[in-house]
Amino acid sequence: MTENITGREWEVLSAYLDGELNPRERIRLEQKLQERSYLQAALTELQKTRRLLRAQPTIRSPRNFTLTPEMTGTRPEKRSAYSLFNSMRLASSLATVLFVMIVLGDVFLGSQAGRSVPMMADSQALQELTQPMEEAAVEEAPAIAQESMEPPLALQVERESEQIIGGTGTPEAGMMMEMPPGVEAAAKSAYPAEEETTTMATQSAYPALEEPPASIAPYPQADMPAQVIETPVGESVIAPESEETVSGFWTIWRYIEGALLVIGAITGALALYLRRIGRA
Amino acid sequence: MDEVALIREAKSGDLDAFNRLVLAYQDVVYAQAFRMMGESEAAADATQEAFISAFRYMGNFRGGSFRAWLLRIVTNACYDEHRRRKRRPTTPLQPLDSEEEEIESPQWLADDDELPEETAERQELSTAIQRCLDDLPEDFRAIVILVDLQSLNYKEAARVINKPVGTVKSRLARARMRMRDCLQDVWELLPAQFRLVGEETP
Numbered sequence: 001m002t003e004n005i006t007g008r009e010w011e012v013l014s015a016y017l018d019g020e021l022n023p024r025e026r027i028r029l030e031q032k033l034q035e036r037s038y039l040q041a042a043l044t045e046l047q048k049t050r051r052l053l054r055a056q057p058t059i060r061s062p063r064n065f066t067l068t069p070e071m072t073g074t075r076p077e078k079r080s081a082y083s084l085f086n087s088m089r090l091a092s093s094l095a096t097v098l099f100v101m102i103v104l105g106d107v108f109l110g111s112q113a114g115r116s117v118p119m120m121a122d123s124q125a126l127q128e129l130t131q132p133m134e135e136a137a138v139e140e141a142p143a144i145a146q147e148s149m150e151p152p153l154a155l156q157v158e159r160e161s162e163q164i165i166g167g168t169g170t171p172e173a174g175m176m177m178e179m180p181p182g183v184e185a186a187a188k189s190a191y192p193a194e195e196e197t198t199t200m201a202t203q204s205a206y207p208a209l210e211e212p213p214a215s216i217a218p219y220p221q222a223d224m225p226a227q228v229i230e231t232p233v234g235e236s237v238i239a240p241e242s243e244e245t246v247s248g249f250w251t252i253w254r255y256i257e258g259a260l261l262v263i264g265a266i267t268g269a270l271a272l273y274l275r276r277i278g279r280a
Numbered sequence: 001m002d003e004v005a006l007i008r009e010a011k012s013g014d015l016d017a018f019n020r021l022v023l024a025y026q027d028v029v030y031a032q033a034f035r036m037m038g039e040s041e042a043a044a045d046a047t048q049e050a051f052i053s054a055f056r057y058m059g060n061f062r063g064g065s066f067r068a069w070l071l072r073i074v075t076n077a078c079y080d081e082h083r084r085r086k087r088r089p090t091t092p093l094q095p096l097d098s099e100e101e102e103i104e105s106p107q108w109l110a111d112d113d114e115l116p117e118e119t120a121e122r123q124e125l126s127t128a129i130q131r132c133l134d135d136l137p138e139d140f141r142a143i144v145i146l147v148d149l150q151s152l153n154y155k156e157a158a159r160v161i162n163k164p165v166g167t168v169k170s171r172l173a174r175a176r177m178r179m180r181d182c183l184q185d186v187w188e189l190l191p192a193q194f195r196l197v198g199e200e201t202p
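If you're matching them up, the sequences are chains A and B in order. Its first residue numbered 1, the first sequence is counted upward by one per residue in our numbering. Its first residue numbered 1, the second sequence is counted upward by one per residue in our numbering.
Among the hints, erroneous ones may be present.
Selected chain B positions facing chain A (in silico; Cβ < 10 Å) [said to hold, decoys possible]:
#1 V4
#2 L6
#3 I7
#4 L23
#5 Y30
#6 F34
#7 I52
#8 V147
#9 V165
#10 V168
Pair by pair, the computed Cβ-Cβ distance ranges are [stated by the list, open to error]:
#11 E35(A) <-> R131(B): 45 to 53 Å
#12 S53(B) <-> M101(A): 31 to 39 Å
#13 M71(A) <-> R87(B): 21 to 29 Å
#14 L272(A) <-> A5(B): 39 to 47 Å
#15 G73(A) <-> R84(B): 15 to 23 Å
#16 E30(A) <-> R8(B): 40 to 48 Å
#17 L272(A) <-> D139(B): 49 to 57 Å
Just so you have them, the derived chain A footprint on chain B, three or more residues with Cβ under 8 Å [claimed, not checked]:
#18 11 to 20
#19 177 to 186
No lab work stands behind these hints, which were simulated from the structure alone. Glycine residues also receive a C-beta, built at the ideal position from the N, C-alpha and C atoms.
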């Protein structure tokens, strides 16, 4: 009976059951249904089919289908490794920057301090030692004061080296031979009791070496000009104190440098390791 | 947390929020997959694939019915699974029991309150309906499942299959005609409550 129904009529009947026809189509179909019994029979069969399908029990899932990070391709353990990598990288960078800054500061300040401390002692001592001699030379031989500024210093150094190596020659003779006649006279007048001064200096300097006084002045006194020839004595008194202080100060910084170097190396290695893990 | 908030969190990559949506919709998605595939193992595979795809493409969800969006994904997953199984037909269409015998209906469909005869009749009817669905072309099967078993309206079904409403209307009518023809032999199996008595027309 329903064999004569066209595809279009099935479509309209199916939509009518679902309430998907517009009012005009619905009214037209209801008129046809009253007129044509085969359409009513077809509608009944469609209703049966539809009702049967809709009466089917709800199917429940046999298990849960929740996702794990592995299923979705996200790897939380690597994400945490990545964040740790960032921390390690930051720590390594900071340690390296601090290390470089401290090393640079160490090199710069250390070279300045290493140069300035002994030089200050030397220059101060020399200045104080040479001052009385210069004054004497200027007073007694003002005309040749300029030329006589150099020889006494050279003479002192020469004598000092002679004394250190224990030489027995007479440095004066050599010096005199090299000096021009005018200068020789000026030198003689400027240092009238040269032999005595040397003797005094030797006497007063060596006892100081053997028995240093309880209160050693850091710098030579102004009233003992000749002893200053023995600058090793002055240095031996001044240097230990300042070097101890300086070396103690720099030792702390060396420890800090070492610690920063170790921290930087460890965190850097960890960062590289974590980065490699994250890429794998 | 409501569905909108869960969807928003899931779109930002929150797997926990997405899994709460999975728990809310897994029955709907699995039912669609089971009706499309005709057996539980393939349906489970398609359902899992559908949820994985849904999580990956959450950014493409532009609002509207999340249920319809999931049904679209699982329907496409079932098409893919069908094509894959056609190339390698190694899995039986019906589930097997422990003795490798084909079972007519999965055990989870059983109702503890039923009499054994009722259970047998219902299982037989369910198996007949599933066989008729399996005989339908894929496009017809998908639309009759969406409208008659998932209770979507035509517009929602049209969005799921990405076709116009007119296509839904015509495919559904043809699918119902074929189902009617296929089920002619099992009308006697229908319990009293499934008879047409009392059905109202719109």
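We went through each hint and held it up to the structure:
no., hint, verdict
1, V4, "20 Å, violated"
2, L6, "13 Å, violated"
3, I7, "15 Å, violated"
4, L23, "7 Å, holds"
5, Y30, "4 Å, holds"
6, F34, "5 Å, holds"
7, I52, "6 Å, holds"
8, V147, "7 Å, holds"
9, V165, "8 Å, holds"
10, V168, "9 Å, holds"
11, E35(A) <-> R131(B): 45 to 53 Å, "37 Å, violated"
12, S53(B) <-> M101(A): 31 to 39 Å, "53 Å, violated"
13, M71(A) <-> R87(B): 21 to 29 Å, "24 Å, holds"
14, L272(A) <-> A5(B): 39 to 47 Å, "41 Å, holds"
15, G73(A) <-> R84(B): 15 to 23 Å, "21 Å, holds"
16, E30(A) <-> R8(B): 40 to 48 Å, "47 Å, holds"
17, L272(A) <-> D139(B): 49 to 57 Å, "56 Å, holds"
18, 11 to 20, "holds (count 4)"
19, 177 to 186, "holds (count 4)"
This entry does not satisfy hints 1, 2, 3, 11 and 12, going by the numbered hints stated previously.
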